[in-house]
Amino acid sequence: MTLSQDQARAFAQLTLPNLTRRWPFKLDQVLGGQEDLVAPAELHPVFHGSFDWHSCVHGYWQVLRLARMFPEMPEARDIRVLADAMLVPGKIAGEIARFDRPDGRGAHRPYGWAWLLALHDEAARHDAPWAAALEPLAARLAEMMADYLDRLTYPIVTGTHGNSAFAMLLAFDWAQSRDPDLVARIRERALEWFGGRTAHCGWEPGGDEFLSPALTVALLMGRVLDPAAYAAWFANFLPRAAHEEPAPLFVPVRVSDRTDGKIAHLDGLNLSRAWCWQGVGAALGEPGRFAEVAERHVAASLPHIGDDYMGSHWLASFALLALTGGTAFARR
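Using our numbering, the first residue of the sequence shown is number 433, and each one after it goes up by one.
Worth flagging that the hints you see were computed from the coordinates, not collected in a lab. Quantities reported herein were computed from a predicted structural model and do not represent experimental measurements. Hints are supplied without guarantee of correctness; some may be wrong.
What follows is a set of in silico ranges between Cβ atoms, one per label pair, in the way DEER data are often shown [what the hints assert, rightly or not]:
{"no.": "1", "residue 1": "THR590", "residue 2": "VAL462", "range": "20 to 26 Å"}
{"no.": "2", "residue 1": "ARG533", "residue 2": "LYS694", "range": "23 to 29 Å"}
{"no.": "3", "residue 1": "PRO680", "residue 2": "ASP613", "range": "35 to 41 Å"}
{"no.": "4", "residue 1": "THR452", "residue 2": "PRO561", "range": "16 to 22 Å"}
{"no.": "5", "residue 1": "ARG629", "residue 2": "ARG557", "range": "31 to 37 Å"}
Glycine residues also receive a C-beta, built at the ideal position from the N, C-alpha and C atoms.
Turn these sequences into a full structure, and let the hints steer you where they fit.
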């Protein structure tokens with residue numbers, strides 16, 4: 433699976449208008465009083481498009497990555513113009529202020545935090561001031577992530593926004609060259625929570641999941657273990673993977689109604705599974721091992737990412753992950 437410039441342009445054309453589309457918008461907010469009733473753009477000076485905060489964050493990650501991969505495509509100029517206007521210190525200060533509110537410690541946790549770190553990492557790969565503007569927000573959320581992991585007794589293994597492994601995975605990749613303490617904390621928690629898990633046979637997929645609880649764990653463990661230890665861990669975790677069992681992990685899910693925002697999550701599950709399977713194969717030293725499985729999942733959902741706004745406001749980011757390999761931070 434490869435990403436062509438035509439596909440990159442289609443993704444950019446799908447996502448760019450959504451980044452500044454203010455309505456509809458789904459807030460993650462606890463109202464402390466009538467004074468908290470403000471428009472989303474007042475609460476979030478940058479990330480007030482794409483239906484919700486986290487989708488807007490990874491929408492920016494997506495378009496910046498596309499502009500870096502295909503700098504000559506016509507949409508790259510529009511992406512840079514938007515980033516120049518929005519990823520500036522004054523607006524980012526307003527985003528930081530959101531987390532100073534009484535409910536800030538739980539806002540967008542942990543999925544949105546992790547994607548903000550991915551966005552910061554992508555911005556740092558451009559010859560532009562965007563990463564410097566984002567850095568105070570990234571530092572704040574990394575600190576909050578470390579505190580959260582310290583306080584969290586048990587991992588969250590659902591396939592939705594609370595998923596611990598997915599957030600730890602993105603945070604781990606961001607922290608590798610920036611925050612050794614966070615790297616150590618994530619590795620410690622991953623080994624504590626998932627190191628002894630064997631013979632996975634969990635009940636998935638759930639009806640509104642966009643992440644696989646099993647495969648996000650498998651991808652995370654591929655980051656924190658050395659190759660030999662990971663091969664042994666994976667052989668115990670999914671001992672019948674060579675026989676494509678448990679079968680539900682290998683069969684693309686069916687999406688019955690793409691106008692339903694929750695059911696539409698399942699297209700994201702197909703795409704994120706493809707991303708995970710590729711990353712797992714790479715971590716095992718066998719990049720092509722699960723390529724056919726990944727291709728089946730991409731084929732099931734890629735043609736539908738623009739079918740309805742319930743998917744089109746976010747699915748291109750997951751499609752980009754699926755088409756560019758097993759990490760949110762391409763190091764090509």
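Structure-based check of each hint:
no.	hint	result
1	THR590 - VAL462: 20 to 26 Å	21 Å, holds
2	ARG533 - LYS694: 23 to 29 Å	27 Å, holds
3	PRO680 - ASP613: 35 to 41 Å	37 Å, holds
4	THR452 - PRO561: 16 to 22 Å	20 Å, holds
5	ARG629 - ARG557: 31 to 37 Å	34 Å, holds
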